[in-house]
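Chains as they are written, first to last, in my numbering: chain X, 141 to 403; chain P, -7 to 347; chain D, 138 to 441.
Hints listed in this document are in silico derivations from the structure and should not be mistaken for laboratory results.
Mixed in with the good hints there might be a few duds.
Stated by the list, open to error - Using 27 Å as the maximum straight-line C-alpha spacing, the simulated DSSO-like pairs for lysine-lysine come out as follows:
no., chain 1, residue 1, chain 2, residue 2
1, X, Lys378, D, Lys171
2, P, Lys189, X, Lys257
3, X, Lys257, X, Lys220
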Amino acid sequence: MSVSEKQIGDVILRCDNISLSFGGVRALTNISIDVREHEILAIIGPNGAGKSSMLNVINGVYHPQEGSVTYQGQTRRAMKPHETARHGIARTFQNIALFKGMSVLDNIMTGRYTKMKRNFLWQALYVGPNLKEEIEHREVCERVIDFLQIENIRKTPVGRLPYGLQKRVELGRALAAEPQLLLLDEPMAGMNVEEKEDMCRFILDVNDEFGTTIVLIEHDMGVVMDISDRVAVLDYGKKIADGSPAEVRANQDVIDAYLGVAH
Amino acid sequence: MLYRESGQFKTSYRADQAIFPIRQDRIALMVLLAVVFILVPFVADEYWLGSILTPLLVLSLAAIGLNILTGYAGQLSLGTAGFMAVGAFAAYNLNLRVPELPLIVDFLLAGVFAALVGMVFGLPSLRIKGFYLAVATLAAQFFIEWVFTHVGWFTNYSSSGVISAPPMVIMGVTVDSAVEKYLLTLVMVAVLALAAKNMVRSRIGRSWMAVRDKDVSAEVIGIPLLATKLSAFGISSFYCGVAGALWTYCYLGTVEPAAFDLSRSFQVLFMIIIGGVGSILGSFLGAGFIVLLPILLNNIAAMIGHGTLQADTMANLEHIIFGGLIIFFLIVEPHGLARLWQIAKEKLRLWPFPY
Amino acid sequence: MTSDLNFFFEVLFGGLLSGIMYSLVALGFVLIYKASGVFNFAQGSMVLFAALTFVGILEMGVPFWPALLLCLLVMMLLAVGIERIVLRPLVNQPPIALFMATIGLSYLLEGLGQGIWGTQVRALDLGIEDLPNEMIQEALGIQVSTFDLFSAGCAAVLVGGLALFFNKTRVGLALRAVADDHQAALAVGIPLQHVWAIVWAAAGLVALVAGLLWGSRLGVQFSLSLVALKALPVLILGGFTSVAGAIVGGLIIGASEKLAEVYISTFTGGAVAAIENWFPYMLALLFLLVRPQGLFGEKIIERV
Ligand SMILES: Nc1ncnc2c1ncn2[C@@H]1O[C@H](COP(=O)(O)OP(=O)(O)OP(=O)(O)O)[C@@H](O)[C@H]1O
Ligand SMILES: [Mg+2]
């Protein structure tokens, strides 16, 4: 799908001059990035460039020393991850971070956490309002399960699933939250071609059907060029390019970074 | 071919959400309830009711409490007995100082007090994990034990520190025989166990397990860590608190700090390790195992002609066997008896045509 | 010096010196934790077990030094056994499972120790008086127990010896490699299992020394393993991986608990007594709230 067909809206998330360091290591230096509504933004860069750190700053897992994040009109430096979740940001992780002891269905049900309201006393009683709520949300999760075609494994403990399916379940958990902004950290890493194609299709469908804004990190250039509307390039914690896939591909700094020209 | 799931199609999510989706399981549960509520009180003698079944039930309740915290929410606690003590002393003092309250309310409020204390000691869990937290709960254990031993108000300034529990009157009925105490305990335990089972299969249970399995992703999906851990500490301690109150009123008949020392905490911990970490059923199985094993040992010793064992020999033997069993279970079946039971059921489901 | 101040220093020194004994137990924890990532709850029971075994062997008529050697041998066999039977099968389990296994181990050791050697309290005489040292009393005018000084000396020798061992021998080098990075150590061909057995043996040695010192002060009895639990708050203060932390933490805990015991109970007219039982834990807990990484630990932000 090309950019022109899609209605890319205003900036919904703005990162201004973000700097983050761990002890002596500077992971991010003075980075500013905008994310526009409904777009798919890819963040690329060599290993250790600070891509994951950037996502972690956006949803509050890491707190930057400098800079601010503006989302839904609110500007903040640090926010707790569970608060960003309430504001409609969901994500997946580079290394699978599922709840290993729980079934696929339960994992996906946790995605509904912020949307469920009954308190623990109702839950202790189970029947009545709590059961009604459980069933309502179960239906949402079943739609996600259908969408990702994982019906036959819904009761399987996730620890027993192969890697590719686990990645899919993790996407499912994020989708169950019906996020406005979806952050995906290397959703296709370690997958075979077929699995990658499936994953690409899911990402495009989510973007297309629900209008979800997506920020994703990916190393596979083919995939990046195919599915993203815009690409931002990080190198050694600095942003070196930001633009359409074609522009970025032609950018000399980017070519240098990937070919490893001395800094 | 009696135990089969086939032919019982679940046509709605409602049916699939039922606590026992398989009909045979439901029947088995009914039979079990009939036995423990009706048959046991008729056939069991005073010794079995008062000295074995009642403490077994009470410890099951404490084990459920610990399982909520450690098995479901993944926060290791060595302070179980401390929280039980809070329940015991709270029930005693409520009874003493606010006699207007019905006893059942005392018991429940005792649980609430224990929950509050549990939450205070759960506060550090936001900043510390694993072993560090275990040490924090050890602080709870020692501090609480000390408070009840040294602050006279709690024991109503009794000189010996051992007080006999006042008689129990519930809705005008005096509960004093072994059967009555057993039934009272049974009702409380059954109701609370059901509630626990319901919680662990609802939103709050999922949030506990999420925090246990991967706290970062739990938080990222919107689960507030501190609130969730505190809820686990609170609800877990509520269960322990009620268990503590029942322990004094229905089993011991005395209120004393010594009944809730560190070794009691370990006893309950061993119950969930052997019974099954993260399983309500396992809490019962573990409690049964740990309560019955010493009795069995004693009987065996008597049978092979040693007479009953001396108390300290027995204690040492128990230490060795329990210690060994803990290691054995952790190595061979970390999910405990509950998993063995599940495996047996699966085998049965396939029997007699395994494929 | 006023007598009040003298008294304060006496309490302080007494506390510091008894703190050294906590340090000793904590040291055993740290050794094992560093090398194998196992939080060995059974360290306290090892102290008890060592002391019981030593007294038991003495009672059989074996003279002091051979008894010490024999006891050391037992502790080493125990270490090898633990590595074989408990640790090896649990190698890939989560740390919490290993921790619970060591709780089981502590029960096993207590049962075994008392089963073999009996449950009654035994006196253990190392020939050092637990009386104020006269030289110090004359020089400084305060009372410090000779026995405390002796145990401080023992601890110093032990720590020095261990430091030499870890820094100067090949085994020690391997050990430090393992502590830094298990995978890497495996990759360069260091046999993990041997290293673990050696560390557990070293922890056994430390337990033996602690057991003798404490046993001779308190009598060899079950409660030794409870006293040894006080090494846990020491670890929280000092951090699980720092030898220096274990020592400093022990001193802090020892001194503060004695000061608290003496001064808080005098200020409250004895109404608040016997707070030694929980004071170290609460202190450690409060400390954790301020510095979760311990005295010497570094703050770590979890990677995701
Ligand atoms: N929690 C942390 N503690 C210490 N250093 C960290 C932490 N997280 C990231 N870093 C460091 O910050 C830098 C950027 O890491 P980051 O994970 O963001 O890179 P990345 O671009 O995602 O790399 P990759 O392609 O390997 O995933 C690296 O040098 C990394 O070592
Ligand atoms: Mg990354």
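Against the structure, test the hints numbered earlier, and report the numbers of the ones violated in rising order.
Failing hint: just 1.
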